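**Student:** Generate the whole structure from the sequences, applying the supplied hints.
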Amino acid sequence: MDRGIQGNNRGDFSANSGDYNVFGSNNNNNVNTGYQNNFTNNGQVYHQYVLGAGEREHASRPHRIIPYCRNTKFTGREDLIESVTRFSERNGHNRIALHGLGGSGKTQIALEYLYRHASESDCNIFWVHGSGLPKFCEDFRAIAQHVRIAPAGAEIDEEAFLLNIKRWFQGPDSGCWILVIDNADNEEDFIGNSGRISKFVPQGPRGTLIFTTRSLRVASWQGCERIDIGKMEEDEAQALFSKLLGNCDISRDKEKEAMTMILNSIHHIPLAIIGVAAFM
177 MDRGIQGNNR GDFSANSGDY NVFGSNNNNN VNTGYQNNFT NNGQVYHQYV LGAGEREHAS
237 RPHRIIPYCR NTKFTGREDL IESVTRFSER NGHNRIALHG LGGSGKTQIA LEYLYRHASE
297 SDCNIFWVHG SGLPKFCEDF RAIAQHVRIA PAGAEIDEEA FLLNIKRWFQ GPDSGCWILV
357 IDNADNEEDF IGNSGRISKF VPQGPRGTLI FTTRSLRVAS WQGCERIDIG KMEEDEAQAL
417 FSKLLGNCDI SRDKEKEAMT MILNSIHHIP LAIIGVAAFM
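Under the working numbering, think of the first position of the sequence shown as 177, with each following residue one higher.
Careful, some of the hints might be misleading.
[As the list claims (entries may be wrong)] Ranges between beta-carbon positions, derived for each pair:
1. L339 / A415: 43 to 49 Å
2. L447 / R262: 21 to 27 Å
3. E401 / I332: 30 to 36 Å
4. N440 / D298: 41 to 47 Å
Note that these hints are calculated values from the structure, not bench results. All values reported here derive from a predicted model rather than from experimental measurement. Using N, Cα and C, we set each Cβ at its ideal position, and we do this for glycine too.
**Tutor:** Here's what the structure looks like:
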């Protein structure tokens with residue numbers, strides 16, 4: 177194959193580099209919105225509480241818990257983000273499912289939407305992992321710590337504590353909020369309102385839930401507006417590949433032909449594009 181397409185990636189790629197970025201609303205906070213501020217996530221857990229005079233019992237607002245830095249290589253998918261925006265702006269309680277195969281970009285679309293929304297809104301934003309009950313509980317406890325819900329003591333068991341967090345979301349103190357439940361793939365965890373995780377998922381009358389899931393059943397059982405996430409369009413795939421390689425000139429016929437062949441062979445799947453680009 178013509179080696180005209182070359183990049184500066186050496187196989188050490190990563191889409192997201194940390195565990196938790198937690199930040200408040202004070203003007204001095206170093207919040208990564210992707211525009212002017214710089215935030216370096218070194219993999220640690222950050223809890224930033226900025227308390228005003230006379231308000232020591234409350235964390236500053238808006239509450240923001242987002243587990244990953246913004247993906248500066250995010251490309252395209254504008255129609256899908258517009259769909260998320262449209263569904264989330266309805267009055268009342270909204271539920272959205274980003275549904276698709278693994279590697280199709282569900283998590284990255286949700287992440288990009290949150291960062292865009294955070295830059296222009298004072299809505300509270302939270303992210304939890306839905307891949308299993310232990311991790312979900314850990315993330316819910318992190319929310320409780322951030323918004324100052326009293327921890328479970330000897331008088332209250334774990335389930336009752338998680339239900340208290342659910343009630344906080346459903347009550348007036350939570351205000352406007354968005355909660356992402358990522359990798360909600362295990363159907364047994366999300367059967368109606370009685371699944372191992374779904375029984376702790378907030379109901380109405382407010383807030384927006386965004387599920388990322390491979391399961392049509394989860395999307396249906398949770399009453400979601402479903403947005404199907406498929407492969408990238410050809411121009412999106414080419415733009416992402418070029419951005420990842422850094423010095424690729426697709427105006428040259430040989431390079432464009434080689435790129436087209438590579439992208440067609442991996443069916444324009446975002447995760448596959450990242451993997452191929454990393455080793456070129």
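**Student:** Indicate whether the distance between the beta carbons of L447 and R262 respects the range 21 to 27 Å.
**Tutor:** The hint (21 to 27 Å, Cβ to Cβ) holds, given that L447 and R262 are roughly 26 Å apart.
**Student:** Kindly confirm whether 41 to 47 Å is satisfied by the beta carbon distance between N440 and D298.
**Tutor:** With Cβ atoms ~44 Å apart, the hint holds.
**Student:** How does the Cβ-Cβ distance of E401 and I332 compare with 30 to 36 Å: does it lie in that range?
**Tutor:** holds (35 Å)
**Student:** Within 43 to 49 Å or not, the Cβ separation of L339 and A415?
**Tutor:** holds (45 Å)
In terms of the numbered hints stated before, the structure departs from none.
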